[in-house]
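Engineer: So the sequences go chain by chain: A and B.
Using the working numbering, read the first sequence as starting at 124 and increasing by one per residue.
Using the working numbering, read the second sequence as starting at 42 and increasing by one per residue.
Keep in mind that the hints were calculated from the coordinates and are not lab data.
Quick caveat: nothing in here was measured; it's all calculated off a predicted structure.
Be aware that a few hints might be false.
As the list claims (entries may be wrong) - Take a look, some chain B residues computed to stay more than 12 Å from chain A by CB distance:
#1 S64
#2 E117
#3 D136
#4 R207
#5 F251
#6 Y256
Unchecked claim - Cut-off 20 Å, straight-line C-alpha distance, at most; resulting in silico cross-link-like pairs (EDC-like, lysine to aspartate or glutamate):
#7 K88(B) x D296(A)
#8 K69(B) x D239(B)
#9 K325(A) x D109(B)
#10 K192(A) x D111(B)
#11 K325(A) x E277(B)
#12 K169(B) x D178(A)
#13 K69(B) x E254(B)
#14 K137(A) x E130(B)
#15 K166(B) x E323(A)
#16 K169(B) x E130(B)
#17 K192(A) x E112(B)
#18 K266(B) x E277(B)
#19 K138(B) x D178(A)
#20 K88(B) x E323(A)
#21 K285(B) x E323(B)
#22 K88(B) x D178(A)
#23 K135(B) x D178(A)
#24 K177(A) x E125(B)
#25 K254(A) x D273(B)
#26 K139(B) x E323(A)
#27 K254(A) x E125(B)
#28 K173(B) x E323(A)
#29 K167(B) x D296(A)
#30 K192(A) x D109(B)
#31 K169(B) x E323(A)
#32 K136(A) x D239(B)
#33 K177(A) x E291(B)
#34 K167(B) x D136(B)
#35 K325(A) x D111(B)
#36 K136(A) x D136(B)
#37 K137(A) x D136(B)
#38 K95(B) x D111(B)
#39 K297(B) x D273(B)
#40 K266(B) x E306(B)
Note that CB positions come from ideal geometry on N, CA and C, so glycine has one too.
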Amino acid sequence: MFNLIWKDLFIQKKLILLYLAIIGLYFWLGTPLFWLAFITSISFIMNAFYYDEKDNINILLNSLPYTRKQIVTSKYIGAIIFTALFIGVIAGGSFIINGMESPFSWKGVLQTFGLVMAWISLIFPFFYKFKQQYLVIGGIIFFVIAMLSFKAVIHLLKERFGEVVQWFIGLSDLQLYSSASLVILLLYGGSWLLSMRIYERKVF
Amino acid sequence: MENVIELQHVTKSFKGFQVKDLSISVKKGFVTGFIGGNGAGKSTTIKLIMNLLKQDSGSISVFGLTHDTDERAIKERIGFVYDENIFYENLTLKDMKKIIRPAYKKWNDAMFHKYVDQFELPLGKKIKTFSKGMKMKASLAIALSHQAELIIMDEPTSGLDPVFRRELLNILHELMQDGDKTIFFSTHITTDLDRIADYIIFVNNGEHVFTKEFYKIQEDYAIVKGPLDLLDADTEREFVAVQKSNIGFEALTAYKDRVADLFGEAVVLEKPTLEDIMYYTEKGRCLNV
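Next up, chain A with everything else stripped away, as it sits in the complex:
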């Protein structure tokens, strides 16, 4: 299993400099660290997924002595490891450049993990279910609809769920972060189980 995680890093070895350059650029632009870590981690994870899809690697992996459960699990565990790596690199870089002035706070770390895990929870089952070309089209349609409906959704939220929102705002940081963490962990676990089910039934 560790081999599969290491493989996702290995196939992108030539891109590592590019990732570092992007991090440098965003430092310079003053992007919040948690957001930068989120964007780079997601790009890295999605790119590994894309390479596997593009070159029939699923046929290779499924012919090697791995089970389908391991192949899926490696992506979910790998995502957390790679996010931790990017947080490490960005925190380190930030420390070298800025000292302790704008450190990567524990909140920032949690925000990055939360965003990455929530994103992956939603997107991986779709990636396992559908072929890449449909996903691009689906993604564009989703994006357009999301943009158009954004205001309506916010409006609806305010009107209908005002109390819920109020309740959220009323929570302390600790309460908020721990409940959000719990929700995201459950989501991630559910997504992992769902992806395994989908992948077990997949044909190559």
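For this one, chain A is given, so just place chain B on it according to the hints.
Structural biologist: Just chain B, lined up with the frame of chain A:
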């Protein structure tokens, strides 16, 4: 005799294509050629054996184990070659080896380098610069480097030049010398099989036609040539299919001895090639539908 691969009553349906009630077995320690035309179900069957596809019904066992419980143990012992590229196009062969090696418990690096040298493969060039034949050789080098007991190949000789095709057959032949390896490979270049196959499994349109020892095929089947007046509804039943022309008929029979008794000196019997058998079987199926 021990079977390495066993399919029993396997059915798999796709849109417009079906593998129907397929029961075949591959014997340990022999080379089995898997023949059939395009779309006969060869690749589907190989994918079923590799667990890349799941059968709708029926059972599949490899080394007496099933994928449900022993998938990893099975695949540890299989070397595979497919007719499509399954490597990262942008990586080198050396990188691919680094990715694949840790998957196997019994990887033998010296063996890998021996085959890389023998096949004259460049370790440092990207896979996308490889020709079809080179990709096949690269797959083969990997398949032969982890002490696999069973080598499964899907159309390994298509896309190869005649020189390397013969070289490949020699390598496979060599491989069979040292003990109880088993080779199962599909092909539609049937002359490949003359050289090394012990058994032939023939499928047509998703159905099993026969599994025979190679030499037995020539004992059972014959091409029959004779004048048209010998043909009537009864005699035509002796043939898989008949081709008629102005000067006579040519047909394939699966009952050589019976046909020899029936027609005696009136016909000429010739040894059929596998291609003849494939051709007439397909023709016979079309007529009977």
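Engineer: Are the Cα atoms of K325(A) and D111(B) separated by 20 Å or less?
Structural biologist: Holds, at about 19 Å.
Engineer: K137(A) and D136(B) were given as a pair; does the straight-line alpha-carbon distance stay at or below 20 Å?
Structural biologist: holds, 12 Å
Engineer: K88(B) and D296(A) were given as a pair; does the straight-line alpha-carbon distance stay at or below 20 Å?
Structural biologist: Not OK: K88(B) and D296(A) at ~53 Å, beyond 20 Å, violated.
Engineer: Holds or violated: K177(A) and E291(B), Cα atoms, limit 20 Å.
Structural biologist: violated, 49 Å
Engineer: Check the hint pairing K136(A) with D136(B) against an upper bound of 20 Å on the C-alpha distance.
Structural biologist: Between K136(A) and D136(B) the Cα gap is close to 11 Å, so the pair holds against 20 Å.
Engineer: Measure nothing beyond the straight line between the CA atoms of K266(B) and E306(B); if it is 20 Å or shorter, mark the hint as holding.
Structural biologist: Within the cut-off at roughly 11 Å; holds.
Engineer: Is the hinted pair K169(B) and E323(A) satisfied, with a Cα-Cα distance of at most 20 Å?
Structural biologist: violated, 30 Å
Engineer: Holds or violated: are the alpha carbons of K169(B) and E130(B) at most 20 Å from each other?
Structural biologist: Holds: K169(B) and E130(B) sit about 5 Å apart, inside 20 Å.
Engineer: Does K169(B) pair with D178(A) here, judged by a C-alpha cut-off of 20 Å?
Structural biologist: holds, 10 Å
Engineer: For the pair we were handed, K95(B) and D111(B), check the Cα-Cα distance against 20 Å.
Structural biologist: Holds: K95(B) and D111(B) sit about 15 Å apart, inside 20 Å.
Engineer: Within 20 Å, alpha carbon to alpha carbon, are K88(B) and E323(A)?
Structural biologist: holds, 15 Å
Engineer: So if I understand the rule, the pair passes when the alpha-carbon distance is 20 Å or less; does K192(A) with E112(B) pass?
Structural biologist: Given that 20 Å is the threshold and the Cα spacing comes to 11 Å, the pair holds.
Hints 2, 3, 7, 11, 15, 25, 26, 28, 29, 31, 32, 33 from the earlier list are contradicted by this structure; the remaining hints agree with it.
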